[in-house]
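Peer 1: First to last, the sequence lines map onto chains A and B.
All residue numbers for the first sequence refer to the numbering used here, where the first residue is 6 and numbers rise by one.
All residue numbers for the second sequence refer to the numbering used here, where the first residue is 634 and numbers rise by one.
Simulated from the structure, these hints should not be mistaken for lab results.
For each residue, glycine too, the CB sits at the ideal point set by N, CA and C.
Please note that a few of the clues may not be correct.
Footprint (simulated), chain B over chain A, 3 or more residues, beta carbon under 8 angstroms [said to hold, decoys possible]:
#, segment
1, 18-32
2, 67-75
3, 79-88
Distance condition first, Cα-Cα at most 16 angstroms in a straight line; then the derived EDC-like pairs of lysine to aspartate or glutamate [stated by the list, open to error]:
#, chain 1, residue 1, chain 2, residue 2
4, A, Lys108, B, Glu730
5, A, Lys41, A, Glu107
6, B, Lys688, B, Glu662
7, A, Lys24, A, Glu72
8, A, Lys108, B, Glu643
9, A, Lys108, B, Asp659
10, A, Lys24, A, Asp90
11, A, Lys23, A, Glu107
12, A, Lys45, A, Glu107
13, B, Lys746, B, Glu662
14, A, Lys45, B, Glu648
15, A, Lys46, B, Glu643
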Amino acid sequence: ETGVTQTPRHLVMGMTNKKSLKCEQHLGHNAMYWYKQSAKKPLELMFVYSLEERVENNSVPSRFSPECPNSSHLFLHLHTLQPEDSALYLCASSPVTGATNEKLFFGSGTQLSVL
Amino acid sequence: AQTVTQSQPEMSVQEAETVTLSCTYDTSESNYYLFWYKQPPSRQMILVIRQEAYKQQNATENRFSVNFQKAAKSFSLKISDSQLGDTAMYFCAFRVESNYQLIWGAGTKLIIKP
Numbered sequence: 006e007t008g009v010t011q012t013p014r015h016l017v018m019g020m021t022n023k024k025s026l027k028c029e030q031h032l033g034h035n036a037m038y039w040y041k042q043s044a045k046k047p048l049e050l051m052f053v054y055s056l057e058e059r060v061e062n063n064s065v066p067s068r069f070s071p072e073c074p075n076s077s078h079l080f081l082h083l084h085t086l087q088p089e090d091s092a093l094y095l096c097a098s099s100p101v102t103g104a105t106n107e108k109l110f111f112g113s114g115t116q117l118s119v120l
Numbered sequence: 634a635q636t637v638t639q640s641q642p643e644m645s646v647q648e649a650e651t652v653t654l655s656c657t658y659d660t661s662e663s664n665y666y667l668f669w670y671k672q673p674p675s676r677q678m679i680l681v682i683r684q685e686a687y688k689q690q691n692a693t694e695n696r697f698s699v700n701f702q703k704a705a706k707s708f709s710l711k712i713s714d715s716q717l718g719d720t721a722m723y724f725c726a727f728r729v730e731s732n733y734q735l736i737w738g739a740g741t742k743l744i745i746k747p
């Protein structure tokens with residue numbers, strides 16, 4: 006496999022469930038990102054990891070918990086979510102963080118529905 | 634505040650026509666990069682084209698070109714000879730030197746009709 010892979014593609018969960026989203030990149034990149042995409046809104050950056058260390062946390066509620074065990078894998082642990090958390094969650098990677106002209110490589114996202 | 638505005642929520646054109654998607658942005662920084670990303674129905678966002686703010690020459694990538702007007706803070710995307718595979722959401726974004734975060738627009742849904 007090449008590129009950025011996200012699983013699952015779709016997820017339906019109740020507000021009391023605990024689930025995890027997985028992202029894997031095979032590009033040898035050092036930076037990984039979680040974005041939230043809601044309809045008709047700009048993408049919202051949630052978390053940034055550089056060399057497995059979190060470098061950005063954009064005031065995301067604690068019910069979202071990221072984990073980056075190595076530079077190839079990124080998880081987003083979900084618990085006690087709210088219906089307004091329903092959205093497409095995108096993972097992205099880049100060679101490094103901080104380069105102005107840097108291109109992001111995205112996965113196909115997990116479409117999350119919270120009931 | 635740094636913002637991106639895409640004033641066309643949805644556009645529709647016939648195959649082979651030329652279409653222009655508009656984007657305006659706001660920043661007080663002088664050096665930055667501008668981007669257009671495409672998100673097809675497969676949902677995987679891919680970079681279409683990028684432009685450095687201090688370069689006056691407009692970027693081109695095959696059928697895709699931009700019209701960059703720095704004074705007007707405008708960065709429109711032109712797609713020539715549109716194809717069915719161009720059907721997608723298109724997002725305009727920029728990043729300034731002092732902050733690596735991308736600032737995104739809300740997107741334009743482009744439909745290419747056969």
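Peer 1: Each hint needs a verdict: does it hold in this structure or not?
Peer 2: To see whether the hints hold, each was checked on the structure:
1. 18-32: Our answer is that it is violated, as 0 residues pass the Cβ test (under 8 angstroms) against chain B, missing three.
2. 67-75: Since 0 is below three, the answer is violated.
3. 79-88: With 0 residues close enough to chain B, the hint is violated.
4. Lys108(A) x Glu730(B): 14 angstroms, holds
5. Lys41(A) x Glu107(A): 20 angstroms, violated
6. Lys688(B) x Glu662(B): Between lysine 688(B) and glutamate 662(B) the Cα gap is close to 15 angstroms, so the pair holds against 16 angstroms.
7. Lys24(A) x Glu72(A): The given pair, whose Cα atoms are some 13 angstroms apart, holds under the 16 angstroms limit.
8. Lys108(A) x Glu643(B): Violated - the C-alpha atoms of glutamate 643(B) and lysine 108(A) are around 25 angstroms apart, more than 16 angstroms.
9. Lys108(A) x Asp659(B): Status violated; Cα separation ~21 angstroms.
10. Lys24(A) x Asp90(A): Measuring from Cα to Cα gives roughly 13 angstroms; hence the hint holds.
11. Lys23(A) x Glu107(A): Violated, at roughly 34 angstroms.
12. Lys45(A) x Glu107(A): With Cα atoms ~25 angstroms apart, lysine 45(A) and glutamate 107(A) exceed 16 angstroms; violated.
13. Lys746(B) x Glu662(B): 39 angstroms, violated
14. Lys45(A) x Glu648(B): 25 angstroms, violated
15. Lys46(A) x Glu643(B): Holds, at roughly 14 angstroms.
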